[in-house]
Amino acid sequence: MSLAWNTAISQFDKTFIPAPVLDTIPAHTLAAIKSKLSVDKSRVTGPSKTINNYIKEVYDNRAGLVIDQFNDDYFIIDDELTPYLQAVLDKIYSANPSLPRETNVYAYRSEVPNAMSYGEGTIAFTLGLLTRMETEAQIAFVLCHELAHYHAGHSDSKAAELARINLDPKLKKRVRKIKRNAYGQYTKLSELVGSLGLSITRHSRDKEFEADSIALRMYLNTSYSLEAPVRTLEILDSADMSPYRHNIDFKKHFAFKAHPFRDSWIDYTRSDRWYSSETNDSLQTHPSCTKRITAIRRQMAGVPSANRKPVNLGSEQCSKLRHRSEFEIATSLFQFKAYGRSLFLFLMLADRYPQNSYIHAMIGQGLYQLYRYQKNHELGKVLALPDPRFEENYDRYLSFIHSLRLTELASLSYYYVSTKKEFHKEQEDFLYACWLTSTTAIGNEDPAKIKAEYAMRFPSGKYLTKMKVQ
Amino acid sequence: MKKSIFILCTLSCLCLGVHAQTLSKTIVGTVKLRNAGAILQNGLVKGYYNFYNLEKQDRKNNNYLLSVTDENLREINSVNIVRPNTYLLIDASFNGEAFGFLFYDMREKALELIGYDGTLKQGNKITKKLKNKYANASYAYIAQGNEPMQSFLISVPNKGFIYYGINEESKSDYEVEFYDNTMKKVWSSFAPADAFDFETAGEAFQNEQYVGSTIVKRTSVLSTDIDIDLLVQNITDGTTLFRIPMESSKYKIMLAEVFFNKDKQQFTLFGEYFNKDENIIKSKSLGFIAVVVDMKGNIVSEKVNTWSEDINKIVAAKDKEKFEDTNILFHDFVKTNDGQVFAIGEQYRKGGNPVTGMKIVVNNLVVFQFDADYSVRKLHVFEKDQNNFTLPKGMMLFNSKMMSYVAKSMGAFDFQFSQRSSDKSTFTVNYINYDRNKGEKGKNVLGTVIYTPEKVFAIDKLPLNRKSTDYFVYPAKEGYVLVSEYFQKEKRVESRLEKLNY
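For the protein sequence lines, the chains are A and B, in the order given. The first sequence begins at 2 in this note's numbering and counts up by one. The second sequence begins at 66 in this note's numbering and counts up by one.
Just so you know, the hints here were simulated from the structure itself, not pulled from any lab data. Just so it is clear, CB atoms sit at the ideal spot from N, CA and C, and this is done for glycine as well. Some hints could be false.
Unchecked claim - Mimicking DSS-like on lysine-lysine, the simulated pairs with C-alpha atoms at most 25 Å apart in a straight line are: (1) Lys-556/B <-> Lys-125/B; (2) Lys-125/B <-> Lys-178/A; (3) Lys-469/A <-> Lys-338/A; (4) Lys-125/B <-> Lys-189/A; (5) Lys-467/A <-> Lys-426/A; (6) Lys-556/B <-> Lys-180/A; (7) Lys-556/B <-> Lys-189/A; (8) Lys-180/A <-> Lys-125/B.
To be verified - Heads up, incomplete: computed chain A residues facing chain B, CB under 7 Å, no partners named: (9) Ala-183; (10) Gln-186; (11) Phe-210; (12) Val-231; (13) Asp-388; (14) Phe-391.
Between the sequences and the hints, there should be enough to build the whole structure, so can you do that?
Structure, rendered in structure tokens:
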């Protein structure tokens with residue numbers, strides 16, 4: 002394991018090349034989604050035309066959502082993450098030949114550990130979940146669960162349920178009655194909506210148990226180890242815990258001779274303020290992992306463990322993907338302009354990979370973006386406010402950034418990059434960071450000279466257009 | 066952010082008369098609710114309250130939602146309150162441990178003081194029926210959508226709340242009451258029986274030991290001839306430490322601020338000063354005065370800064386012209402932790418004529434800087450575009466000073482609020498101005514003058530884009546300001562915290 006770890010992380014010692022950003026859904030993917038949509042709509046043949054039309058509209062919206070998410074680059078189309086996931090999916094289909102091959106899986110740009118089946122054939126496996134997966138078998142079980150949702154038609158059932166609720170004449174009558182009465186409208190409507198919510202979520206939780214059960218049957222047809230299903234649910238149970246537990250050493254990163262560190266920046270007192278809970282357990286869509294594990298264990302009782310692949314199959318590959326996903330998450334957040342959260346994650350990565358030029362480049366770029374947004378009085382769009390309900394290290398980080406004045410933000414971005422230029426300037430993202438931070442007019446670096454150097458080193462560089470526009 | 070008790074007095078004569086005629090209208094007419102604001106603790110923003118009318122409960126009552134957020138706009142909790150549809154939120158306060166809310170029911174003419182703990186669990190509720198017509202008139206004035214002229218409920222750090230009201234048994238004399246954290250009354254004190262039928266009390270200062278109140282005395286409701294006292298009481302039992310007239314040996318004082326020196330056990334009274342035979346509401350002041358009194362109210366020392374000499378000396382040559390034929394209305398006074406005092410005001414001139422309407426012409430923001438020994442040191446002028454405000458007809462009888470008070474209550478001045486940092490080393494002054502830069506389209510701008518830790522002034526400007534139906538600016542946590550925009554069509558309010566740049 003130690004060798005695997007070392008091998009896995011050594012590839013990121015010096016730099017990192019993120020997955021490509023396409024901006025547009027590939028033509029063949031779009032064609033496939035539209036074709037599938039057509040097929041799905043043709044299968045809607047209930048007795049009521051109104052309900053059928055409603056369901057078809059839900060299908061249109063569902064497909065539209067997937068297309069939008071492709072266009073917005075939530076789905077990753079690359080040569081490692083998505084192909085790996087697709088290969089595991091293929092193994093599951095091969096072990097379950099009765100299932101029609103109607104789905105595709107993609108790595109998904111989100112920090113939240115989750116996987117989603119959209120119902121029209123697309124499955125998303127978040128980067129956040131990839132960072133938690135230890136073995137190929139665990140990935141397979143997650144995919145089996147999403148396949149179960151798809152092949153059991155849960156999304157289609159939900160569409161039909163929505164149609165029933167929205168077009169229910171009795172429900173409409175109840176709403177009209179409430180509206181006719183001048184008194185207590187808000188309370189009565191809230192109660193009505195609440196009862197509907199309970200109904201929908203109860204079905205969702207039932208479907209989760211059903212998906213687990215179907216998934217397990219699919220999974221047992223493969224030769225993956227028996228340990229993975231329970232272990233996967235244990236991992237999901239701890240999904241709320243951040244993988245980053247230590248506090249950032251701000252002095253280590255931001256103390257410069259030309260711009261000394263101020264201790265007041267890291268003054269921090271964790272608030273003990275009480276907040277009312279917003280989670281009504283009855284509204285959660287997933288049953289507790291404990292109950293799911295109990296159900297899985299019951300179903301697996303007596304299943305022979307012979308002829309199964311080793312427990313740690315693919316652990317080396319998973320380790321590599323875990324580390325890769327951490328970089329991709331931080332990069333994705335930057336792409337989606339969540340500069341505050343992105344900077345936090347890159348600072349965390351900097352502790353593990355102190356020589357990585359890409360990380361230092363993104364820290365410099367992140368600081369610059371925070372400066373730029375703050376200058377325009379728009380910092381709130383890209384940086385969260387402190388909240389004692391966050392993990393303490395993240396709350397401390399937010400408190401630190403919010404304590405910085407505009408000129409201090411500019412200075413930190415400039416000196417962070419300029420003090421490292423000697424070591425990292427040959428990396429493209431870093432050289433761009435040098436140019437960006439030189440435009441703050443803090444030090445005496447000439448932006449024009451850096452721009453010329455960039456153009457010379459990277460004649461087809463990805464930042465050339467941005468440098469011309471800014 | 067104390068309201069000026071002088072504005073209260075000036076307007077009282079206008080409003081009380083008016084409200085005596087319009088009180089019945091306001092009950093059946095549209096009630097404008099003050100439904101959002103900052104919750105302050107020791108002058109620092111600790112959160113916000115929102116008071117919504119969710120729905121009609123029945124013919125007489127509404128179902129309201131009282132929601133409290135922290136200083137980062139994250140909801141702490143919300144509670145439903147079923148109350149009469151003539152219910153109005155007047156004031157909200159937080160003392161570090163408990164929230165206090167003051168409500169007024171216009172139909173029942175009753176006040177409700179409600180205490181909540183930090184989780185918004187209700188404590189005590191005090192209901193006070195108001196028979197006094199002047200008390201009811203002052204609340205009815207607020208119900209018409211006007212800004213309250215004073216704070217009624219003041220937090221005392223970690224101890225409770227001070228309530229300023231009118232004694233029911235009097236014509237219009239004050240009562241000062243102290244409630245603990247659960248909103249249980251601890252003590253009350255009343256104006257003495259004397260020649261002054263109209264004695265109004267307002268906050269001067271409060272700390273864990275003492276509460277100071279400014280007492281403004283008149284013999285009749287329409288009188289503009291006022292006397293002012295400072296009353297200092299022990300917070301534990303309300304016993305009077307001293308009550309002294311706002312006078313020095315030679316002068317009358319328009320009290321602006323009271324500073325308490327715990328080490329020396331002395332109070333410093335700071336404000337503008339006048340000759341003893343002058344009317345402080347109508348006359349121009351002679352300058353600034355600082356009077357130090359001991360714990361018995363005896364004067365220890367006094368220092369004056371005259372307009373004609375001390376202050377005139379420090380006006381830069383380039384600014385002299387700006388001060389010709391102009392007056393200054395002072396909005397706030399700030400003391401920083403190094404002992405310096407800053408007087409924040411806005412220049413204005415009287416303009417217009419009785420035919421077209423009298424005007425107040427508001428222009429630059431000015432800050433007078435005083436050393437720790439209260440010698441005036443420097444004058445800072447912050448230029449901004451002129452703002453013309455036409456007053457309602459009938460104002461021609463007032464002199465410019467009284468007109469400025471009336472105009473301020475109507476929102477004529479650009480000043481919004483000032484805020485101090487928690488360590489009192491810095492402060493900010495916020496104003497809203499219509500900015501017209503050359504070659505650019507005019508736009509509303511939230512201007513902030515910042516006294517930085519480097520002890521210099523900086524200016525930050527935040528454009529306020531009017532996509533919304535209306536917008537409001539509130540004080541916020543240190544280094545920030547809260548902008549709320551109301552979109553009438555969508556019935557939506559958007560609030561955001563904006564960080565100041567300096």
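Status of each hint after checking the structure:
| no. | hint | result |
| --- | --- | --- |
| 1 | Lys-556/B <-> Lys-125/B | 24 Å, holds |
| 2 | Lys-125/B <-> Lys-178/A | 21 Å, holds |
| 3 | Lys-469/A <-> Lys-338/A | 20 Å, holds |
| 4 | Lys-125/B <-> Lys-189/A | 18 Å, holds |
| 5 | Lys-467/A <-> Lys-426/A | 18 Å, holds |
| 6 | Lys-556/B <-> Lys-180/A | 18 Å, holds |
| 7 | Lys-556/B <-> Lys-189/A | 20 Å, holds |
| 8 | Lys-180/A <-> Lys-125/B | 19 Å, holds |
| 9 | Ala-183 | 6 Å, holds |
| 10 | Gln-186 | 5 Å, holds |
| 11 | Phe-210 | 33 Å, violated |
| 12 | Val-231 | 37 Å, violated |
| 13 | Asp-388 | 6 Å, holds |
| 14 | Phe-391 | 11 Å, violated |
Figure legend: structure checked against the earlier numbered hints; hints not met, in rising order: 11, 12 and 14.
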